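**Student:** Taken in order, the sequence shown gives residues 1 to 708; the numbers are from this note's numbering.
Check the hints yourself; a few may be wrong.
To be verified - Quick list of simulated restraints, FRET-style, between CB atoms:
#, residue 1, residue 2, range
1, D267, G322, 27 to 37 Å
2, D653, F627, 22 to 32 Å
3, P184, D366, 54 to 64 Å
4, L114, R417, 53 to 63 Å
Claimed, not checked - For lysine-lysine, the following DSS-like pairs were computed, each having C-alpha atoms within a straight-line distance of at most 30 Å:
#, residue 1, residue 2
5, K270, K306
6, K98, K306
7, K355, K108
8, K566, K509
9, K38, K704
10, K113, K248
Hints were generated in silico from the structure; no laboratory data involved. All of these numbers come straight from a predicted model, not from anything done at the bench. For every residue, glycine included, the Cβ atom is placed at its ideal position computed from N, Cα and C.
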Amino acid sequence: MTELPSSQTESKQEHDLFDDWSAHPIQIGDCVIDFNEKTVTTESGEVRNITPNSIRLLLLLLENSNSYVSLNDIHKFIYGNQYKDDSSTRKQVTVLRKLFDDTDKEKKYIENKLGHGYRLIAPVQFLDDDIIAGLPIKDKYFWALGAFIAASVSVFLFGWYWFDGFRESMRGAVMQQEYETAMPLSHFKGIENYPSISADQRWMLFNHKPEGQVFWQVYVRDMKTGDLIKLSQGDRYERLPRWTAKNKFIFSRFEDQACHFYIASFDAVKRAVVDERQLVACNTFSQTAQGHLWNDEQGMYFNRAKSVNEPFIIYSHSFSSGESWPIASPPPSGKGDYYFSVSQDGLSLAVLRNKNWSQTEVWLYDTRTWETQLIETVDSVLHTVEWFGNEKIIFKNDSNEILEYDVTRGFISILTRAETPILAPMVLKDGSLVYASGSYFKSDLLQHYLSQEKVEKVESSSYQDFLPAVSMDGMQLAWVSNRSGVYQVWIRDEQGHSRQLTYLKNNLKFTDLSFSPNSQFLGGTASGRWFIIDNESNEIIWGDQNRYYKNFQWRRDSTSAFVAVKHMEQWEQTVIGINGEYDEVPKLPNDAFIVLEAPGTELTYVANFKINGFWRVPQDPEAEKVFFPVEQSINKTGRWSATDQGLYFTQNDTLYFLAHDSQQIQLIDRDLNGSRISVPNHGQWYIGTQTLEGEVDLLLLAPKAPKK
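Working from the sequences, and respecting the hints, build out all of it.
**Tutor:** In structure tokens:
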């Protein structure tokens, strides 16, 4: 073996890499990978199975994407101390290449370099599995391009911030200014985002993606008349227009597999672009790249990323020399300096920096000395940061509040807290607030009647409604929604009245939700902590934050629940009582990832995410447990639901049923939307989810006149 050893391949074990990369499906090149399902979905929609050895090799290449992995390191990672010759190890690379339709002549995914080894060269992007499940296959690849920014409104990217309270710098005063009711500034179907206001406050640029289309276009709004004027010609794909000088703006254009920044001159009388010229190249992977002129207009700042899985870097570029140079070193992981804005005097940059896909740092850069200052850390992915003059920086936090940072005083104030999700806030000179509000994707709850083949929408908003939970008697429905601006638990009672159960300050990652069999309690997990809600008193008990929990499943007695806890990189089951006490765990099969007790029976169903199948376990220890192989692992509690008659579970957009006294699995419904279900005990219908393209609008909050 002649390859040079790579430096990082022994830093993590296989289970560490699996935990790191299996949280969500990922897109590699034109293929969608789901490690939990052990599948590759090609651009044409074909689903292919991945062997365990191919999974190991792919994990190794993903973890070391910035370097070559030697043949010797691949051998150690896949085979350990087993003896295998080099041809066996090379065969594993060949097998993985075939999964991606990679060939020796055209290597789009894995390249090899003599004396060095193998390297993954295709772009990599994290995706949201519930969102991807609801989209037709051709749309999955478009949304992957914007998934990083869209993820800021997705539940899967939020962490621990609510539990820890505000950081010291966030304990600023709430502004006493009151605002009128939000007024819409745009009325298109689709998504409007990234507003940019001209120096005279007359013209507001913004980006619009028409409903059902894949391209973005540039529009401008006349803030005096309210007219919306399209500046893009035809169906050109143009992103992030930003005012940069008097009557001039910079945007990026994607065409012919290339991307370039352009500067355009806007004629306010003709209300049209009268001149444009090409500037520097961006990158087709840099969908959110933006540019801004130097104050003397002899150069520009811009950012771009070399690939989807490499960080954004901000550059300074001289028009006279044609040279570009980075102004700061990006973090080694995450999306880097993915968004910036320039102060009115051109002396400072406000920068959004992302290190770990789920946390954003707001930085201040001095353009004279390039000294940097960390302003704030927010536990979610932000869309924008904007200047108000030269001394105020505007951004949002993960409490859905619009914040103002005073550069001179070093103090953060809360301008307002919106009642709907905020994406891109900015402040006008008259004190009005402009922001984008909505969701790139929306999820509705659907009721599927099994005997009538009828489907009805039972909960719908312009936002995310997901994680449905139905009470055993079918009279109550609970779910998670961000319709109030922050993800909360909601409940609908027997009379059809909906109310909010939780009042969290910050977004959490909700992963489980279910009713106790007696319908008195709701339980689940969020951001690694379990919770139990008393539906009558609204009292909530939160589990400890010293360990990571998921897969909350009520026991049949309604006084306790199973929940998986991560311990020493392994998952173990524990039992929690309704008062928060930990009880003795009954004997279970090894590696029990999800444990579900069937109501009205003495049967328990146990799933292990490493195996495509589940066990049916009788209470009698002498009785034999039965294993049922299936195509996909049951790796989420929402993928199955038990009644006293049998077990309902999902596989590849299909609903199946297994009677408790049978070993024959029955197909129930081929038209399943999403992957999560909840079934009442009578089994006449089930609640599922449907994910659709969302709606994002631009809104204005005008300040109320002071009371006399």
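**Student:** Now tell me, hint by hint, if it's right for this structure.
**Tutor:** Tested hints:
no. : hint                     : result
1   : D267 to G322: 27 to 37 Å : holds (29 Å)
2   : D653 to F627: 22 to 32 Å : holds (24 Å)
3   : P184 to D366: 54 to 64 Å : violated (38 Å)
4   : L114 to R417: 53 to 63 Å : holds (59 Å)
5   : K270 to K306             : violated (38 Å)
6   : K98 to K306              : holds (26 Å)
7   : K355 to K108             : holds (27 Å)
8   : K566 to K509             : holds (16 Å)
9   : K38 to K704              : violated (56 Å)
10  : K113 to K248             : violated (47 Å)
Checked against the numbered hints given earlier, the structure breaks hints 3, 5, 9, 10 and satisfies all the rest.
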